[in-house]
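**Q** The opening residue of the sequence shown carries number 3 in the working numbering; numbering runs sequentially from there.
Be aware that one or more of the hints could be misleading.
[What the hints assert, rightly or not] Cross-link-like lysine-lysine pairs, in silico, DSS-like; alpha carbons within 27 Å at most:
| hint | residue 1 | residue 2 |
| --- | --- | --- |
| 1 | K237 | K319 |
| 2 | K293 | K403 |
| 3 | K393 | K512 |
| 4 | K238 | K306 |
| 5 | K277 | K293 |
| 6 | K647 | K393 |
| 7 | K425 | K512 |
| 8 | K647 | K500 |
| 9 | K500 | K652 |
| 10 | K293 | K251 |
| 11 | K277 | K551 |
| 12 | K500 | K425 |
| 13 | K277 | K251 |
| 14 | K537 | K500 |
| 15 | K501 | K652 |
| 16 | K403 | K280 |
| 17 | K334 | K319 |
| 18 | K512 | K501 |
| 19 | K403 | K425 |
| 20 | K403 | K603 |
| 21 | K652 | K425 |
| 22 | K501 | K647 |
| 23 | K293 | K237 |
| 24 | K280 | K237 |
| 25 | K512 | K458 |
| 26 | K251 | K238 |
| 27 | K319 | K293 |
| 28 | K643 | K603 |
| 29 | K537 | K403 |
The set of hints was computed from the structure by calculation and includes no laboratory data.
Since the structure is predicted, the reported quantities are computational estimates derived from the model, not experimental observations.
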Amino acid sequence: MDKKRLLNVFLAILLVSFAVFALISVITYNPSDPPFADYPESSATKNLCGWVGAVLSGYGLSWLGLAAFPLTILIGAWGVMLLLRGRVEDLWIKAVGGIMLITSISLAFALVEDILPKIGAIAWAGGVFGDAASGKLLDNLGLVGTCVFLTFGFLTSGILLFNVSPVEAVVSLFKRIKNKRGPKPAFKEKRLKKSDAEEKPPEYTPADAGPLLLPIDLLDERSDPGNAEDEESLKKRAEVLEDALAQFKVVAEVVGFETGPSITMYELELSPGTKVSKIASLSDDLAMALKAPSVRVVAPLPGKSTVGIEVPNRMRKNVRLRELLEIIQEGKINLDNNAIPLPLGRDITGYPVYCDLTGMPHLLIAGTTGSGKSICLNSLILSILFLRSRKDLKLLLVDPKLVEFSPFKDIPHLISPVVTDVKEAQAVLEWAVNKMDERYGLLARAGVRNIAEYNKLGESGLKKRLGADGQIDPELHHLPYIVIIIDELADLMMVSSKKVENAVIRLSQKSRAVGIHLIVSTQRPSVDVVTGLIKSNLPARISFLVASKVDSRTVLDQNGAEKLLGEGDMLFMPPGTSELVRVQGTYTSDQEVERVVGFLKRQAHPEFSTELREWKLEAKRDDRHDPVYNEAVQAALEAGKCNEKLLQEKLHVTYPQAVKLLDQMIEDGIVGECKEGTYREVLINPEDWESAGRQKGTKQQIK
Numbered sequence: 003m004d005k006k007r008l009l010n011v012f013l014a015i016l017l018v019s020f021a022v023f024a025l026i027s028v029i030t031y032n033p034s035d036p037p038f039a040d041y042p043e044s045s046a047t048k049n050l051c052g053w054v055g056a057v058l059s060g061y062g063l064s065w066l067g068l069a070a071f072p073l074t075i076l077i078g079a080w081g082v083m084l085l086l087r088g089r090v091e092d093l094w095i096k097a098v099g100g101i102m103l104i105t106s107i108s109l110a111f112a113l114v115e116d117i118l119p120k121i122g123a124i125a126w127a128g129g130v131f132g133d134a135a136s137g138k139l140l141d142n143l144g145l146v147g148t149c150v151f152l153t154f155g156f157l158t159s160g161i162l163l164f165n166v167s168p169v170e171a172v173v174s175l176f177k178r179i180k181n182k183r184g185p186k187p188a189f190k191e192k193r194l195k196k197s198d199a200e201e202k203p204p205e206y207t208p209a210d211a212g213p214l215l216l217p218i219d220l221l222d223e224r225s226d227p228g229n230a231e232d233e234e235s236l237k238k239r240a241e242v243l244e245d246a247l248a249q250f251k252v253v254a255e256v257v258g259f260e261t262g263p264s265i266t267m268y269e270l271e272l273s274p275g276t277k278v279s280k281i282a283s284l285s286d287d288l289a290m291a292l293k294a295p296s297v298r299v300v301a302p303l304p305g306k307s308t309v310g311i312e313v314p315n316r317m318r319k320n321v322r323l324r325e326l327l328e329i330i331q332e333g334k335i336n337l338d339n340n341a342i343p344l345p346l347g348r349d350i351t352g353y354p355v356y357c358d359l360t361g362m363p364h365l366l367i368a369g370t371t372g373s374g375k376s377i378c379l380n381s382l383i384l385s386i387l388f389l390r391s392r393k394d395l396k397l398l399l400v401d402p403k404l405v406e407f408s409p410f411k412d413i414p415h416l417i418s419p420v421v422t423d424v425k426e427a428q429a430v431l432e433w434a435v436n437k438m439d440e441r442y443g444l445l446a447r448a449g450v451r452n453i454a455e456y457n458k459l460g461e462s463g464l465k466k467r468l469g470a471d472g473q474i475d476p477e478l479h480h481l482p483y484i485v486i487i488i489d490e491l492a493d494l495m496m497v498s499s500k501k502v503e504n505a506v507i508r509l510s511q512k513s514r515a516v517g518i519h520l521i522v523s524t525q526r527p528s529v530d531v532v533t534g535l536i537k538s539n540l541p542a543r544i545s546f547l548v549a550s551k552v553d554s555r556t557v558l559d560q561n562g563a564e565k566l567l568g569e570g571d572m573l574f575m576p577p578g579t580s581e582l583v584r585v586q587g588t589y590t591s592d593q594e595v596e597r598v599v600g601f602l603k604r605q606a607h608p609e610f611s612t613e614l615r616e617w618k619l620e621a622k623r624d625d626r627h628d629p630v631y632n633e634a635v636q637a638a639l640e641a642g643k644c645n646e647k648l649l650q651e652k653l654h655v656t657y658p659q660a661v662k663l664l665d666q667m668i669e670d671g672i673v674g675e676c677k678e679g680t681y682r683e684v685l686i687n688p689e690d691w692e693s694a695g696r697q698k699g700t701k702q703q704i705k
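Given these sequences and hints, build the entire structure.
**A** Take a look at the structure:
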């Protein structure tokens with residue numbers, strides 16, 4: 003436990019102890035005790051808290067009257083809050099609210115004493131302060147004005163203490179009363195037998211979830227750090243920043259700063275004649291002066307005549323996916339026009355950042371290991387599961403690394419099992435291109451321009467557009483969006499770069515109108531992976547921490563991503579602009595993924611596309627009839643031996659392609675064990691190969 007936390011715990015225990023002591027002393031107050039004894043003092047103090055308690059309660063009741071009771075309770079509540087949460091949020095605001103509340107209570111009791119003088123039992127109800135203040139108010143404002151003043155005091159203190167509007171509190175109370183008095187069901191629901199319940203679990207109906215389709219409790223709540231930076235420390239860092247610039251003969255003034263979850267941006271106003279490029283070249287020196295791991299210079303700020311210096315916070319805050327979904331659930335942001343909304347995180351001002359995948363219409367994500375790329379993909383998938391049903395959206399996950407998307411297998415939104423084989427991934431992309439062409443044909447027949455207009459037609463509208471004899475499959479009355487998420491593009495490009503690149507380019511150029519969208523990620527954003535054609539057709543890009551400036555320019559066309567902090571810190575380039583938005587991405591844990599996936603699996607099972615399965619099988623069969631494979635077999639027969647180097651020399655293929663060809667030849671029984679240390683023995687002769695008709699798909703062992 004650090005010193006600040008230890009001090010907070012000590013202060014909390016002190017406040018709670020004092021509040022309990024004061025409350026007991028006030029409750030056991032006796033007029034015969036000091037300091038204001040109305041009767042001859044007894045030999046012993048009757049207050050349970052002794053002489054100190056008698057004096058404390060005597061002064062408290064004499065000055066505040068009955069308001070001394072809520073004062074002790076308020077002090078105790080602050081102590082408990084400090085003990086449980088580690089801090090009291092907005093302490094000074096709550097202190098002002100507490101003073102206003104105690105003052106209003108004292109005045110109210112004194113006012114009752116003035117209106118009803120016959121009640122002698124509470125002649126001291128308002129205390130000295132209440133009696134004096136209420137008299138002045140009655141003389142100057144009258145009874146009605148005094149009541150209005152007290153009402154204002156009670157309402158204002160409630161707002162400051164509880165951070166809630168009186169109108170919202172009343173509306174919430176009426177809603178609860180209405181729900182409790184709601185009509186009872188006319189009949190009892192028939193209970194299912196245990197066997198029936200196990201066979202088919204009830205579907206989750208989000209009656210109170212609003213736009214969310216899953217219970218928000220599946221996600222973890224936000225846990226803020228207790229020692230977030232205060233304004234005073236930020237001002238001190240601003241002074242350090244000005245001094246550091248002055249050492250390099252740069253006269254600048256910090257005119258403002260904005261704090262986000264992980265970054266504070268200081269806005270600098272430069273003196274006349276100072277070059278902006280000079281500030282940009284000092285980023286490493288400023289980082290050393292501020293004792294920060296890195297500093298990013300935004301020169302100049304878009305739309306302003308100032309320069310931004312982005313400095314990491316000493317204490318970073320995680321942005322949970324739940325808090326961004328709750329904003330949607332509470333209706334604080336309207337995403338009705340977004341077909342596929344994606345919560346990305348919070349920017350440097352703490353404002354939530356959302357985007358619509360259909361408006362991008364495709365997304366490129368890059369980042370090294372540990373930068374937060376995989377967690378970002380998990381968050382994007384979870385947000386889709388929370389906001390869109392499997393009827394409206396289908397997912398196609400490509401995971402050459404085998405482990406990234408394995409938790410999402412068998413979720414209802416999948417159109418195919420998670421694709422892990424590189425050859426199958428190539429077939430999946432070719433299927434998507436074919437599906438795109440099919441959908442364009444449907445849109446042309448229906449006379450609409452995009453999938454949204456097509457789905458609005460419905461069954462009756464389609465029949466009118468297609469004519470009386472127009473026949474259409476019932477499954478095509480409503481076309482779901484298809485989101486293809488590729489975890490590692492580099493693995494696909496390594497095996498079949500030309501075919502994968504062509505498929506990605508065709509999809510990115512044309513598939514927006516028919517509702518097919520790509521999210522492509524890579525941890526190696528080199529020019530041979532993210533080619534110029536791929537990048538030009540993926541205008542929306544996200545870059546997490548990358549290894550070098552070259553990688554940053556490959557993804558974003560400018561430097562900056564190499565200065566990021568990792569762990570979800572990203573630069574987001576929206577489509578149609580070159581301006582970068584720095585965002586702290588949403589964080590989702592493995593436990594959250596397991597809970598959401600487990601909940602969905604209990605609701606429904608995936609319905610895989612038979613057409614897509616046939617495409618993948620056909621790709622495997624076609625792979626066996628590859629002309630390059632026939633040339634590889636001929637080269638092995640001519641040499642009487644075979645290895646990867648021989649195939650590279652004879653066929654002029656890359657090493658990964660040579661390994662793939664050799665593996666296929668081993669599987670088909672054409673070559674066997676290693677011979678002469680480095681070569682493999684050829685198990686067939688040319689006559690056997692000719693008699694087999696070059697049908698290597700038979701997988702028979704030829705001896």
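**Q** Starting from K393, check that the Cα of K512 is at most 27 Å away, please.
**A** 23 Å, holds
**Q** Does the structure keep K537 and K403 at a Cα separation of 27 Å or less?
**A** Holds, at about 22 Å.
**Q** Keeping to a limit of 27 Å between CA atoms, is the pair of K334 and K319 held or broken?
**A** With Cα atoms ~22 Å apart, K334 and K319 stay inside 27 Å; holds.
**Q** Please verify whether K537 and K500 have alpha carbons no more than 27 Å apart.
**A** Given that 27 Å is the threshold and the Cα spacing comes to 15 Å, the pair holds.
**Q** Is the Cα-Cα distance between K403 and K425 27 Å or less?
**A** 13 Å, holds
**Q** Would the hint linking K501 and K647 be met if the CA-CA limit is 27 Å?
**A** 24 Å, holds
**Q** Are the Cα atoms of K512 and K458 separated by 27 Å or less?
**A** Between K512 and K458 the Cα gap is close to 21 Å, so the pair holds against 27 Å.
**Q** Is the Cα-Cα distance between K501 and K652 27 Å or less?
**A** The hint holds at about 23 Å.
**Q** Are the Cα positions of K237 and K319 separated by 27 Å at most?
**A** 20 Å, holds
**Q** When you check the alpha-carbon spacing of K238 and K306, does it fall within 27 Å?
**A** At roughly 24 Å apart (the allowed maximum being 27 Å), K306 and K238 satisfy the hint.
**Q** Decide if the proposed pair is consistent with the structure: K251 and K238, CA atoms, cutoff 27 Å inclusive.
**A** 20 Å, holds
**Q** Has the given pair, K643 with K603, been kept, meaning a C-alpha gap of at most 27 Å?
**A** 51 Å, violated
Hints 2, 6, 16 and 28 from the earlier list are contradicted by this structure; the remaining hints agree with it.
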